[in-house]
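S.K.: Residue strings, one per chain:
Number of protein chains: 2
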Amino acid sequence: MADIPARTEISGPDSLNVTTGPLPASRKLYLSGKQHTDIRVPVREIALEPSALEPPVRVYDPTGPYTDADAQIDIMRGLPSVRGEWVRARGDVEDYDGRAVRPEDNGIRGSRKASAAPLFPNVVQRPLRAKSGQAVTQMAYAKRGIVTPEMEYVAIRENLGRERAIENRDPGQPFGAEIPDLITPEFVRDEIARGRAIIPANINHPELEPMAIGRNFLVKINANIGNSAVASDVAAEVDKMVWAIRWGADTVMDLSTGDDIHTTREWIMRNSPVPIGTVPIYQALEKVGGIAEDLTWDIFRDTLIEQAEQGVDYFTIHAGVRLPFVPMTAKRVTGIVSRGGSIMAKWCLAHHKESFLYERFAEICEICRAYDVSFSLGDGLRPGSGADANDEAQFAELRTLGELTKTAWDQDCQVMIEGPGHVPMHKIKENMEEQLKHCHEAPFYTLGPLTTDIAPGYDHITSAIGAAQIGWYGTAMLCYVTPKEHLGLPNRDDVKVGVVTYKIAAHAADLAKGHPAAKMRDDALSRARFDFRWRDQFNLSLDPETAEHFHDQTLPAEGAKTAHFCSMCGPKFCSMKITQDVRDYAAKLNTDEMTAAEEGMKDMSEKFKDEGAELYVPAESR
Amino acid sequence: MADIPARTEISGPDSLNVTTGPLPASRKLYLSGKQHTDIRVPVREIALEPSALEPPVRVYDPTGPYTDADAQIDIMRGLPSVRGEWVRARGDVEDYDGRAVRPEDNGIRGSRKASAAPLFPNVVQRPLRAKSGQAVTQMAYAKRGIVTPEMEYVAIRENLGRERAIENRDPGQPFGAEIPDLITPEFVRDEIARGRAIIPANINHPELEPMAIGRNFLVKINANIGNSAVASDVAAEVDKMVWAIRWGADTVMDLSTGDDIHTTREWIMRNSPVPIGTVPIYQALEKVGGIAEDLTWDIFRDTLIEQAEQGVDYFTIHAGVRLPFVPMTAKRVTGIVSRGGSIMAKWCLAHHKESFLYERFAEICEICRAYDVSFSLGDGLRPGSGADANDEAQFAELRTLGELTKTAWDQDCQVMIEGPGHVPMHKIKENMEEQLKHCHEAPFYTLGPLTTDIAPGYDHITSAIGAAQIGWYGTAMLCYVTPKEHLGLPNRDDVKVGVVTYKIAAHAADLAKGHPAAKMRDDALSRARFDFRWRDQFNLSLDPETAEHFHDQTLPAEGAKTAHFCSMCGPKFCSMKITQDVRDYAAKLNTDEMTAAEEGMKDMSEKFKDEGAELYVPAESR
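So the protein sequences, as listed, match chains A and B.
First residue of the first sequence: 17, per my numbering; consecutive thereafter.
First residue of the second sequence: 17, per my numbering; consecutive thereafter.
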C-alpha cells in the first residue's frame with residue numbers, strides 16, 4: 017500500500033522506514049529482451065475504469081522493486097542483483113581485496129572517536145575492477161559494436177508504448193534532437209558510442225536498473241539527498257532516496273558533507289535501483305578537516321577508488337575550474353556559488369597552481385574506465401544569480417569541459433556536462449547552444465535553471481520554468497530544485513514536491529520535443545477528465561494522492577468521485593456535458609448541411625483575407 | 017502587522033476578516049504627478065539592513081490601502097474614492113437613477129425567498145454614465161490627445177526605478193515589444209490610443225488605483241475568485257480579493273455562479289483598489305435558472321447595465337463562439353471546456369441561430385463606451401487539453417475576436433483578448449503570433465497555458481511554465497491557475513500559491529523582455545544572499561513569510577539569521593566566503609599579472625579555436 021512505511025528493524029540507534037507498495041491502480045510488469053532474454057525491464061501499468069473501454073496506460077518506471085507488490089524488501093540485505101551476472105559474463109573484470117575503510121572516511125578524527133551510524137551488514141569485501149588494460153565502460157563496448165544487456169534494457173524502457181504511438185506522433189519542435197519512432201538496442205549503442213548518451217552503471221552497482229541519459233531519450237531528472245554538518249542521519253537519507261524514486265527521480269545524488277559519509281553511502285548504494293552520483297571532493301574535503309588548501313591528489317584519488325568500489329555510478333568532477341578563470345569571477349554579483357567550484361578555486365589560489373583535477377584528469381579517466389564510473393563534469397563557475405549568467409567565467413569553463421570530454425572519450429569514459437544555475441529566460445538557449453557546440457553533444461545535465469532570483473521558498477517553480485525550456489532545447493537530465501533551495505535542507509515533503517515539479521518540467525520538454533510516447537498519458541488523462549472518470553484522472557496523474565485529496569477538500573463524498581460534475585460549476589451546468597450535445601448535433605448534421613457550413617466559413621474567411629484590416633477603418637485620430 | 021486578520025463587525029450572519037498592514041520591512045509611499053499634481057501613486061519601499069549600504073528597493077504595489085499602516089480600513093464603508101473627482105471633472109458624465117436591484121440578481125426565485133448575504137450598507141443609488149453621445153473611455157481621450165490623470169498615474173507606476181535602471185539595462189529578447197527606457201504619460205496615451213494597452217477603469221469604480229495592461233508594460237496577473245453553486249460566501253470572497261492583491265494580483269475576476277451574485281459583487285467592488293472583471297453570461301444564466309437556451313439578449317443586456325452601474329471594469333464576452341465554429345469542436349478530445357463558450361454553444365445549437373453576442377456586438381459596445389467597461393473578448397473555444405491546442409476551432413474564434421476588436425475600437429472601447437488554456441510548449445509561440453497578427457496587438461490575456469495535462473494538483477506549475485513563456489513572447493496579462501485547478505475551489509492558501517506562482521512567471525517574462533526596472537529586485541536580493549543578509553533576502557522575496565519559515569525549519573535560532581553561513585554547507589565551509597578570497601586575490605594581482613593571465617587565456621582560446629575538434633582525434637571505432 018502506498019505511503020505506509022514498511023518498518024524494518026535494524027540493530028543500532030536508527031530504524032529504517034521506507035515507503036513500499038504499488039502506486040494507486042498500478043502494477044509492475046517486467047518485459048524481457050530479444051537479444052538478452054534474461055533481462056526483465058520494469059514497466060508500470062495503470063489500470064483504467066472499465067467504462068473507459070481503454071487498455072491500461074504504461075509509464076516509465078524508475079521506482080525499483082519498492083513498488084512491486086510481490087517484492088520482499090529488506091533494507092538490511094539490500095536489493096537483489098540485476099546485472100551482476102552481465103558484468104561477470106563479459107570476462108573483463110576481476111575481484112580483488114578492496115580498500116579497507118578508514119576512520120576518516122566517516123569523519124572520525126580529532127575528538128570524534130566513533131561512528132554514530134550503524135554499519136551496513138552485508139558489505140561486499142571483494143569489489144570488481146577491470147582486468148589490466150581493459151576498459152569496462154558501456155562506451156567501450158558500444159565502440160566495439162557490442163549491444164550489452166544494459167543497452168537492450170534501456171531500449172525497451174525508452175520505447176514504452178511507442179509502437180502504438182507512432183501513428184499519432186506530433187513532430188514537436190526538436191531543436192536538432194533526432195528521436196526515432198522506435199528505440200532499438202542498436203540505436204542505444206550508437207548513441208553511447210558517439211558520446212551523445214550515457215548509461216551510468218558502475219560494475220560494482222549490480223542492483224542498478226540501467227537507464228540512459230541523452231538528448232534523444234526521455235528527459236531524466238535527478239534528486240539530491242545527503243546529510244550536512246548540521247542535519248540528517250542514515251535512516252532519513254535512505255528513506256529520501258526511496259521516496260524520491262517513488263515519485264519519479266531517475267538518478268539520485270548523495271551530496272553528504274557531514275559525518276559518516278562512507279557508511280551512509282553504503283546503505284544508499286545497496287538499496288538503490290537508480291544510478292547514484294556523488295561529488296567526491298566533498299568527502300575528500302572532510303578528510304582534510306574542511307581545509308581546502310590541504311587537499312592533495314593522493315587524498316582525492318583515494319576517495320575516487322573508495323567510492324568506485326562502493327559502486328557510485330557517476331562522479332561530479334570540477335576539473336574545469338582552472339586557475340586563470342578564477343579571477344574572472346571577482347566582479348560577479350554572487351561570485352562562485354558551486355561548493356565544488358569554490359573548493360577548487362580556494363585550492364588554486366592558496367597554492368597559486370593549476371587545479372590538480374585538471375592536471376591529473378587523464379589519471380581520473382583511468383579510474384573511471386576501470387569501474388565504468390561516468391563523468392559529470394561539474395560547472396564550478398556556474399552563475400549564482402541572473403546577473404552573472406552567461407559570463408566569461410561560465411563559458412570559459414564550459415569550453416574547458418568540452419576539451420576534457422574529448423580526453424575522457426579517448427579513454428572510453430562516459431561523460432555528461434553540468435550546467436547552470438541561475439539564468440533569465442532569454443539567456444537559456446545560448447547555454448544549450450554553447451554546450452552542444454563546445455561539448456560535442458555530450459549529454460547536458462542542468463540545475464534548473466532558475467529564471468528569477470526573487471522567490472526563495474518557490475525556487476522549485478522559478479527553476480521548473482527554466483528546466484522545461486532547457487529540456488526542450490536539448491538538456492538530457494534536469495537536476496531538481498526543492499522549495500527549500502537557498503533556505504534549508506529539504507525534508508521528505510520537499511523531496512516529493514521537487515521530484516513531481518521536475519517530472520512536470522521533463523515531461524513538458526518531452527512533449528515539446530515530439531517524443532512519440534509522451535503524449536499518450538496526457539491524452540488518456542484528458543479523456544478521463546472529459547468523461548468524469550475521476551478515479552482515472554487521479555490515478556493517471558503524477559501524484560494521485562494529492563489530486564484526490566484536493567478534490568475531496570471541496571467534495572468529500574465518495575459519490576462525488578463518480579458524479580458527472582465537479583465543484584467548479586456544480587451539478588446544474590457543466591461545459592463538459594454540453595459538448596456531448598455538440599457531438600450529437602454535429603453527428604446529426606447531414607453531409608449537405610456540413611458542406612454548407614464549411615462553404616459559409618470558407619466564404620467568411622476569404623472575405624476576411626480580401627478585405628483584411630481595410631474592412632474596419634481605423635478611428636479618425638489613429 | 018502582516019497576516020493578522022483585522023476583524024470588522026458587520027450586521028448580518030457573516031463577519032468580514034481581511035488581512036491588513038504592511039508587508040515585512042515595507043512602507044507605502046505615494047508619488048505625485050507633474051501634469052496632475054493631485055494624483056498619489058502608491059509604491060512599496062522595502063528597507064534593507066544598514067550593512068547593505070544600499071537605498072531601499074521600490075517595487076510595484078497593487079495592494080491598495082490595505083498595506084498602508086496609516087489607512088483606516090472599514091469594509092462596511094468601502095475604500096475612499098481615488099478617481100471620482102477625475103471622472104466628474106471631465107464634464108462628460110451624468111448621474112441618474114440606477115437600475116433597481118431585482119430578486120433574480122441574487123438568485124432569488126422558486127423556493128429561494130430571501131438572500132442569505134448581508135447587503136452592502138453604502139450602495140451608490142445614482143451611478144454615472146456618459147452624457148448622450150459621449151464616449152467616456154480612456155481610449156476616446158487618448159485618441160483626442162488627452163493625457164488623463166489615469167494615464168499619468170500609470171506612467172508613474174510603471175516607471176518605477178527606471179531612471180536608476182537605464183544604465184544597467186539588459187536588452188533582453190523582446191520579440192517585437194517596444195519598451196522604452198522611460199515610460200511617459202504621453203507614451204501611455206499613445207499605447208492606449210492605438211489599442212496596444214488598456215486601462216480598465218469603469219467610471220463607477222472610483223476606488224480604483226489605475227493600472228495598464230499591454231505588451232510594453234510590466235506583465236500583469238489576474239486572480240479569479242467567486243462563489244459557486246456548492247461553496248463559498250460573501251465574507252470569504254472579499255477576504256480572498258484582499259488576500260490576492262496582498263500577494264500581487266493586479267486584477268481580480270469575480271466568477272461567482274451561485275446565489276447572491278449581485279450582493280457579493282457589490283462588497284467586492286466597493287472594497288477593491290484593482291480592476292474587477294466578470295463574465296456577465298454567468299449571472300445571466302443564473303437569472304434563467306441555469307437553462308442556457310432560455311437566455312435572451314434582453315436579459316443579457318440588462319445584466320451588462322446592472323454590472324456596469326456597479327463599476328465592473330472589464331467584461332469577458334464570448335462573442336467569438338459563432339454557430340459555424342461549434343461543430344469544429346466535435347472531434348476534440350475535450351470538446352468545449354470554457355463555461356461561457358459552452359453556454360453560447362448550447363444556445364446557438366438549441367436555436368440553430370448565430371450567437372446573439374456576435375450579432376448584438378455593436379450594442380454591447382455602446383454600453384461599454386458609456387461606462388468605460390473594457391472588453392475581455394473570451395476564448396470560448398480554447399483547448400481543454402494539449403491534444404486540442406491550436407486547432408481549427410480555436411483559431412477560427414481568434415480571427416473573429418480580431419474582427420470584433422476593430423468594431424470595438426471604432427466605438428473607442430478598450431479591448432483585450434483572452435487566450436488558452438492547454439498548450440504544449442512547442443505550440444505556445446504560434447498562439448502569440450496568431451494573436452498579434454489577427455488582433456492587431458490588442459493586449460493578450462491568457463490562462464496559463466498548461467504545458468502538460470498529467471499533473472492535476474500541480475497545475476499552477478504546469479501552467480506557470482507556459483505562462484512565463486507566453487508572457488515573454490508578448491502576453492500582457494496572465495490569469496493565474498491554482499493548485500486546485502480541475503479538482504476543486506481554491507481556498508485562501510491556494511489563492512496565495514497561485515498568485516505568487518504567477519508573479520514569478522510574470523517577473524521572469526519581464527526580465528526576459530528586458531524590462532529596465534525588473535532586474536533591480538533580483539540584483540538586490542542576490543547581493544543580500546551573497547552577503548548573508550538573511551533578513552533582506554526574506555524581505556525582498558515575493559513571499560517573505562514562507563522564505564523565513566523555510567529557513568527556520570532547519571536553523572530556527574534567531575542568531576542563524578545573522579550568521580554568515582546556512583544549513584546547506586554549515587559553518588565550516590562556505591563557497592560564498594571563499595569568493596571573498598577570490599576578490600582579495602584578484603585585487604592583489606597587479607596590472608602585469610592581470611595582463612599575463614589574460615594573455616594566457618587568449619592564447620589558450622586561440623589554440624582551441626585553431627585546433628578545435630582536431631586536437632583530440634576521435635577514438636578508433638567512431
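No lab work stands behind these hints: they were computed from the structure.
It is possible that some hints are incorrect.
Copies of one chain are not kept apart here, so a pair can be met inside one copy or by any two copies together.
To be verified - Within a straight-line C-alpha distance of at most 30 Å, the following computed DSSO-like cross-link-like pairs (lysine-lysine) qualify:
1. 604 <-> 453
2. 147 <-> 422
3. 369 <-> 604
4. 147 <-> 129
5. 129 <-> 347
6. 604 <-> 147
7. 369 <-> 422
8. 577 <-> 50
9. 577 <-> 44
10. 604 <-> 347
11. 129 <-> 369
12. 369 <-> 50
13. 422 <-> 453
14. 453 <-> 577
15. 577 <-> 347
S.K.: Confirm or reject each hint.
M.R.: To see whether the hints hold, each was checked on the structure:
1. In the homo-oligomer, the alpha carbons of residue 604 and residue 453 never lie at most 30 Å apart, since the shortest distance is 57 Å inside one protomer and 35 Å across protomers.
2. Within a single copy, residue 147 and residue 422 get their C-alpha atoms as close as 24 Å, which meets the 30 Å cut-off; across copies the closest is 78 Å, which misses it.
3. For a Cα distance limit of 30 Å, the shortest separation of residue 369 from residue 604 across copies, 16 Å, qualifies, whereas the shortest one inside one copy, 82 Å, does not.
4. When the C-alpha separation of residue 147 and residue 129 is checked against a cutoff of 30 Å, the pair qualifies neither within a copy, at 38 Å, nor between copies, at 89 Å.
5. Proximity of residue 129 and residue 347 under a CA criterion of 30 Å is satisfied in neither setting, with 43 Å inside one chain copy and 72 Å between copies.
6. Proximity of residue 604 and residue 147 under a CA criterion of 30 Å is satisfied in neither setting, with 75 Å inside one chain copy and 50 Å between copies.
7. Taking the shortest alpha-carbon separations for residue 369 and residue 422, only the intra-copy value of 23 Å comes in at or below 30 Å, while the best inter-copy value is 69 Å.
8. In this homomeric assembly, residue 577 and residue 50 never come within 30 Å of each other (Cα to Cα): the closest approach is 43 Å inside a single copy and 59 Å across copies.
9. In this assembly of identical chains, the alpha carbons of residue 577 and residue 44 lie at most 30 Å apart only when taken from the same copy (25 Å versus 47 Å across copies).
10. For the homomeric pair residue 604 and residue 347, the shortest alpha-carbon distance between copies (14 Å) is at most 30 Å, but the shortest distance inside one copy (71 Å) is not.
11. Taking CA atoms no more than 30 Å apart as the test, residue 129 paired with residue 369 passes in neither setting, with 35 Å inside one copy and 87 Å between copies.
12. In the homo-oligomer, the alpha carbons of residue 369 and residue 50 never lie at most 30 Å apart, since the shortest distance is 53 Å inside one protomer and 61 Å across protomers.
13. Proximity of residue 422 and residue 453 under a CA criterion of 30 Å is satisfied intra-copy only: 13 Å inside one chain copy versus 47 Å between copies.
14. Taking the shortest Cα distances, residue 453 and residue 577 never come within 30 Å of each other, neither inside one copy (52 Å) nor across copies (43 Å).
15. Only between protomers do residue 577 and residue 347 lie at most 30 Å apart by alpha-carbon distance; the minimum there is 26 Å, versus 58 Å within a single protomer.
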